[in-house]
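J.: Okay, here's what each chain looks like letter by letter:
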Amino acid sequence: MSRISTGSWWQIVWLLLPVLVTLFAVAGWPLFRTIWFSFTDASLANLDHYTFVGLENYLVRYQNQWFGLLADSVWWNAVYNTLFFTVVSVAMETVLGVAIALTLHKTFPGRGWVRAAVLIPWAIPTIVSARMWSWMLHDQFGVINDLLILCGLISEPLAWTADPDLSMWAVILVDVWKTTPFMALLTLAALQMLPKELFEAAKVDGVSTIKTFWKVTLPLIAPGVMVAVVFRALDALRVFDLIYVLTANSTATMSMSVFARQQLVAFQLVGYGSAASTMLFMVIALCTVIFLYAGRHRFYQRF
Amino acid sequence: MLGGIVFISVFKVDFGLAISSLKIKKILTKIGFTIWLVCILIYCIFPFYYAIISSFKEGAELFQVDYWVKHWHWTNYLAVFEQQPFGINIINSIIVSTLVVFISLLLSVTAAYALGRREFYGRKTLLMVVLGVSMFPQVAVLSGLFELIQWLGLYNHLGSLILSYLIFTVPFTVWVLTTFMQQLPLEIEEAAIMDGARPRHMIFNVFLPLLWPALVTTGLLAFIAAWNEFLFALTFTLSEHQRTVPVAIALISGASQHELPWGIIMAASVVVTVPLIVLVLIFQRKIVAGLTAGAVKG
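Read top to bottom, the protein sequences are chains E and C.
Start counting the first sequence at 18; every next residue gets the next number (this note's numbering).
Start counting the second sequence at 280; every next residue gets the next number (this note's numbering).
Among the hints, a few may not be true.
In silico lysine-lysine, BS3-like type, Cα no more than 30 Å apart, as pairs [as the list claims (entries may be wrong)]:
no. : chain 1 : residue 1 : chain 2 : residue 2
1   : E       : Lys220    : C       : Lys309
2   : C       : Lys565    : E       : Lys213
3   : E       : Lys213    : C       : Lys403
4   : C       : Lys309    : E       : Lys232
5   : E       : Lys220    : C       : Lys305
6   : E       : Lys228    : C       : Lys304
7   : C       : Lys304    : E       : Lys213
8   : E       : Lys232    : C       : Lys302
9   : E       : Lys220    : E       : Lys232
10  : E       : Lys220    : E       : Lys123
11  : E       : Lys213    : E       : Lys232
12  : E       : Lys123    : E       : Lys228
13  : E       : Lys228    : E       : Lys213
14  : E       : Lys123    : E       : Lys232
15  : E       : Lys213    : C       : Lys305
16  : C       : Lys304    : E       : Lys220
17  : C       : Lys305    : E       : Lys228
18  : E       : Lys123    : E       : Lys213
19  : E       : Lys232    : C       : Lys305
20  : C       : Lys302    : C       : Lys403
Among the chain E residues that face chain C by a calculated CB cut under 10 Å, a handful are [as the list claims (entries may be wrong)]:
no. : residue
21  : Ile52
22  : Trp53
23  : Val70
24  : Gly71
25  : Ala108
26  : Met109
27  : His155
28  : Lys232
29  : Val275
30  : Leu309
Keep in mind that the hints were calculated from the coordinates and are not lab data.
Everything numeric in this text was worked out from a predicted model, so none of it was measured.
Note that beta-carbon positions come from the ideal geometry of N, C-alpha and C, so glycine has one too.
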């Protein structure tokens, strides 16, 4: 890949200007305002009148007690929920996605149909899949309880989305269902780039299928799978719609995004909500920077 | 001599056994593989299949689990459009998604040309920034955007959604189009530069015709993302008539929390999902290509 370096600096500025202005207007400026609001006591009803309160939304000592976001147990619960959700669901998606990709990589009659079917969960809007699953997981009339009772796995219906011990698992189940196709497709793309001779050589040498997978396939597709994992993890950290629709504002499943929006919109506390948003932004920005830094060699090679 | 016969017979028996056990193993593997395939198929398809079945149920039928349609009732489908402005919600979604895709493609074509075909100081940093913005948590800009939208007088107006959706579509289209641009051979430009073409001509007369397949793929993926968006649509619109499809479906409610009209919700879900599934199946290969180009980063 080589590029033409003729043309003036002004020409390039003009070419980039539309995107730069747009990104500043919809991302840069709003982000700056959100961070600014987190140092104020602004309320949603009247965004024009507020006073600067410094770090009070984050942490303040008042009458010998700590207040603010960093002393809020509901917030820390949301942080824990988000991390738990991210780690567990991304891990499950990766294992399942790789398994499905290995299956689709084989040649068998009707492979095109199976590949198309795997895309279906991905094509369904998150809100729709959340509602479909909340119907399937319904405590009285749900098909999942019916199937589990039929198989003799449980003796009476479970309240999947209402029971605090189960609801996080229900959320993870739906997320895994929805996003495994993405993982499978990206892994499949990585698999298809591997040279066929490699596997023929392994076969000729009599290496077992399982050993070939662990010693040859996995190390070779690992970089591609890692990209998908990072992508999904950053996406899972900001999860909102699935949890909002499946379990509403229940504290058992509340994520950082759900917490921030509840403060901002439902309680109209723009200052406090912005502080939570800013913290979430910092967490994701930190993760993004780490991942980009770790992958910078590949990035520079490619571009 | 005898020893030799014994040896041969032993060998033969052994050989025969080896073949039959290999055959059994092969058949077992095949059966296992087929079962695994069926499991994958059921896992992927059953939830939507069940939503379709439920959407044709009426009244008390819903309170009984069935695995196929016993009676076809279209009442839920009629109710979706009668009890709320669902038709308008669909039109809203189409307007917003189409305009967002059109605007972001238009904006990003020139930037993708500069980023993919030209060499300049800070190019890689800029690509990193674009990638970083695509990872933005939407909630992080919520209060800032809310202020901006109020200031522009766009609250509870489709314009607010068109503006705010650019935050996730523009980085995506810039990124994917840049990678597509890079793959085109250098000779294309050399010939055009010899002829003294200006960047504007280069982009719109030389590159755009070559980029059509990429534009379709990128546009389709951006369209799906805009169609499915929920957080901004929920926050920036208020009245029923300004809602997009995801918000409308999420807010369908009954007399109480425990009396949700599940038949109607499932009918609405089926109505908006079938076109998406058809689109995705038609453009299957292109979508996979676009997803890989978009995600194979750094």
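J.: Taking only the CA atoms, is the gap from Lys302 (chain C) to Lys403 (chain C) under or equal to 30 Å?
T.: violated, 57 Å
J.: Run the distance test for Lys228 (chain E) versus Lys304 (chain C): straight-line Cα separation, threshold 30 Å.
T.: Holds, because 18 Å separates the two Cα atoms, which is no more than 30 Å.
J.: May I ask you to test the interface hint for Ala108 (chain E) with respect to chain C, counting a Cβ-Cβ separation under 10 Å as satisfied?
T.: violated, 18 Å
J.: Given the proposed pairing of Lys304 (chain C) with Lys213 (chain E), does the C-alpha separation stay at or below 30 Å?
T.: Holds, at roughly 25 Å.
J.: Given the hint that Lys123 (chain E) pairs with Lys232 (chain E), test it: the Cα-Cα distance must not exceed 30 Å.
T.: With Cα atoms ~19 Å apart, Lys123 (chain E) and Lys232 (chain E) stay inside 30 Å; holds.
J.: Under the criterion of a CB-CB separation shorter than 10 Å, is Val70 (chain E) in contact with chain C as hinted?
T.: Because about 15 Å separates Val70 (chain E) from the closest Cβ in chain C, which is outside the 10 Å limit, the hint is violated.
J.: Regarding the pair Lys228 (chain E) and Lys213 (chain E), is the alpha-carbon distance no greater than 30 Å?
T.: Holds - the C-alpha atoms of Lys213 (chain E) and Lys228 (chain E) are around 17 Å apart, at most 30 Å.
J.: Hey, Lys220 (chain E) versus Lys309 (chain C), does the alpha-carbon distance stay inside 30 Å?
T.: Holds: Lys220 (chain E) and Lys309 (chain C) sit about 19 Å apart, inside 30 Å.
J.: Any CB of chain C closer than 10 Å to the CB of Ile52 (chain E)?
T.: holds, 8 Å
J.: Is the Cα-Cα distance between Lys213 (chain E) and Lys403 (chain C) 30 Å or less?
T.: violated, 34 Å
J.: Would you check the hint for Lys220 (chain E) and Lys123 (chain E), treating anything up to 30 Å between C-alpha atoms as holding?
T.: holds, 15 Å
J.: A closest beta-carbon separation below 10 Å is what the hint needs, so does His155 (chain E) meet it against chain C?
T.: holds, 8 Å
Checked against the numbered hints above, the structure breaks hints 3, 20, 23, 24, 25, 26, 28 and satisfies the rest.
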